[in-house]
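Asker: Here's the letter readout for the chains.
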Amino acid sequence: DAKTTQPPSMDCAEGRAANLPCNHSTISGNEYVYWYRQIHSQGPQYIIHGLKNNETNEMASLIITEDRKSSTLILPHATLRDTAVYYCIAGNDYKLSFGAGTTVTVRA
Amino acid sequence: GAGVSQTPSNKVTEKGKYVELRCDPISGHTALYWYRQSLGQGPEFLIYFQGTGAADDSGLPNDRFFAVRPEGSVSTLKIQRTERGDSAVYLCASSLNRGVENRLPYNEQFFGPGTRLTVL
Numbered sequence: 006d007a008k009t010t011q012p013p014s015m016d017c018a019e020g021r022a023a024n025l026p027c028n029h030s031t032i033s034g035n036e037y038v039y040w041y042r043q044i045h046s047q048g049p050q051y052i053i054h055g056l057k058n059n060e061t062n063e064m065a066s067l068i069i070t071e072d073r074k075s076s077t078l079i080l081p082h083a084t085l086r087d088t089a090v091y092y093c094i095a096g097n098d099y100k101l102s103f104g105a106g107t108t109v110t111v112r113a
Numbered sequence: 319g320a321g322v323s324q325t326p327s328n329k330v331t332e333k334g335k336y337v338e339l340r341c342d343p344i345s346g347h348t349a350l351y352w353y354r355q356s357l358g359q360g361p362e363f364l365i366y367f368q369g370t371g372a373a374d375d376s377g378l379p380n381d382r383f384f385a386v387r388p389e390g391s392v393s394t395l396k397i398q399r400t401e402r403g404d405s406a407v408y409l410c411a412s413s414l415n416r417g418v419e420n421r422l423p424y425n426e427q428f429f430g431p432g433t434r435l436t437v438l
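Listed in order, the protein sequences are those of chains U and V.
If you count the first sequence from 1, you need to add 5 to reach the working numbering.
If you count the second sequence from 1, you need to add 318 to reach the working numbering.
No lab work stands behind these hints, which were simulated from the structure alone.
Being a predicted model, the structure only gives us computed values, none of them experimental.
Any given hint could turn out to be false.
[Stated by the list, open to error] List of simulated lysine to any residue pairs, SDA-like, C-alpha gap at most 20 Å:
hint : chain 1 : residue 1 : chain 2 : residue 2
1    : U       : 100       : V       : 327
2    : U       : 8         : V       : 376
3    : U       : 100       : V       : 406
4    : U       : 8         : V       : 387
5    : U       : 100       : V       : 370
6    : U       : 100       : V       : 387
7    : U       : 100       : V       : 337
8    : U       : 100       : V       : 384
9    : U       : 100       : V       : 355
10   : U       : 100       : V       : 363
11   : U       : 100       : V       : 362
12   : U       : 8         : U       : 82
13   : U       : 100       : V       : 424
14   : U       : 100       : V       : 376
15   : U       : 100       : V       : 431
16   : U       : 100       : V       : 383
17   : U       : 100       : V       : 401
18   : U       : 100       : V       : 359
19   : U       : 100       : V       : 428
20   : U       : 100       : V       : 378
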């Protein structure tokens with residue numbers, strides 16, 4: 006799986022959009038980008054995934070650059086319940102390779 | 319509906335003892351995964367089952383770790399001669415099928431709450 010790089014932490018104001026960057030410059034053509042999040046004391050939760058097109062679901066949007074070397078997860082209206090560690094994973098395998106993720110704190 | 323459940327939620331044991339951790343996947347999910355998460359780190363893959371067989375056990379750290387899924391549903395992770403370094407949260411996940419690699423739609427992994435293992 007390709008290595009991913011994420012900022013260790015970021016703050017976001019409640020009600021505002023949260024934009025979470027991820028770098029995956031060594032991603033190969035058949036590797037997907039997945040995002041999971043982990044709320045304190047819970048197991049990880051799937052958010053979204055994509056290959057090269059932008060994707061949107063009820064939780065978030067995923068914007069992948071044309072060269073696929075980076076992506077951004079967008080939480081359109083962050084709430085306090087979105088406070089969690091967010092993991093960006095690049096791969097094409099059932100083995101999810103979690104890094105350290107980004108700790109996102111949503112503040113009122 | 320019911321999600322993935324894991325028991326016990328917490329397990330404290332002494333160095334050298336044997337422990338079993340149980341995972342009940344979502345009904346109908348054929349794929350089951352075990353991960354281990356140490357403090358401050360992301361989960362690390364241990365083993366993957368497709369049905370009753372362990373399709374990939376490459377993440378098991380050594381031969382003290384073993385997992386079974388005899389009827390293709392419930393799985394048990396077994397750790398012999400526990401060591402202090404085995405202390406971690408052990409997470410189980412399940413999914414409908416393997417997805418992606420065999421060109422089926424990606425099926426997200428649903429995680430349980432984990433078992434926190436402490437080896438004294």
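Asker: Are the hints correct? Go through all of them and say.
Answerer: Results of checking the hints against the structure:
{"no.": "1", "hint": "100(U) x 327(V)", "result": "violated, 24 Å"}
{"no.": "2", "hint": "8(U) x 376(V)", "result": "holds, 19 Å"}
{"no.": "3", "hint": "100(U) x 406(V)", "result": "holds, 19 Å"}
{"no.": "4", "hint": "8(U) x 387(V)", "result": "violated, 31 Å"}
{"no.": "5", "hint": "100(U) x 370(V)", "result": "holds, 18 Å"}
{"no.": "6", "hint": "100(U) x 387(V)", "result": "holds, 18 Å"}
{"no.": "7", "hint": "100(U) x 337(V)", "result": "violated, 24 Å"}
{"no.": "8", "hint": "100(U) x 384(V)", "result": "holds, 18 Å"}
{"no.": "9", "hint": "100(U) x 355(V)", "result": "holds, 14 Å"}
{"no.": "10", "hint": "100(U) x 363(V)", "result": "holds, 6 Å"}
{"no.": "11", "hint": "100(U) x 362(V)", "result": "holds, 9 Å"}
{"no.": "12", "hint": "8(U) x 82(U)", "result": "violated, 29 Å"}
{"no.": "13", "hint": "100(U) x 424(V)", "result": "holds, 13 Å"}
{"no.": "14", "hint": "100(U) x 376(V)", "result": "holds, 10 Å"}
{"no.": "15", "hint": "100(U) x 431(V)", "result": "holds, 19 Å"}
{"no.": "16", "hint": "100(U) x 383(V)", "result": "holds, 18 Å"}
{"no.": "17", "hint": "100(U) x 401(V)", "result": "violated, 25 Å"}
{"no.": "18", "hint": "100(U) x 359(V)", "result": "holds, 16 Å"}
{"no.": "19", "hint": "100(U) x 428(V)", "result": "holds, 13 Å"}
{"no.": "20", "hint": "100(U) x 378(V)", "result": "holds, 13 Å"}
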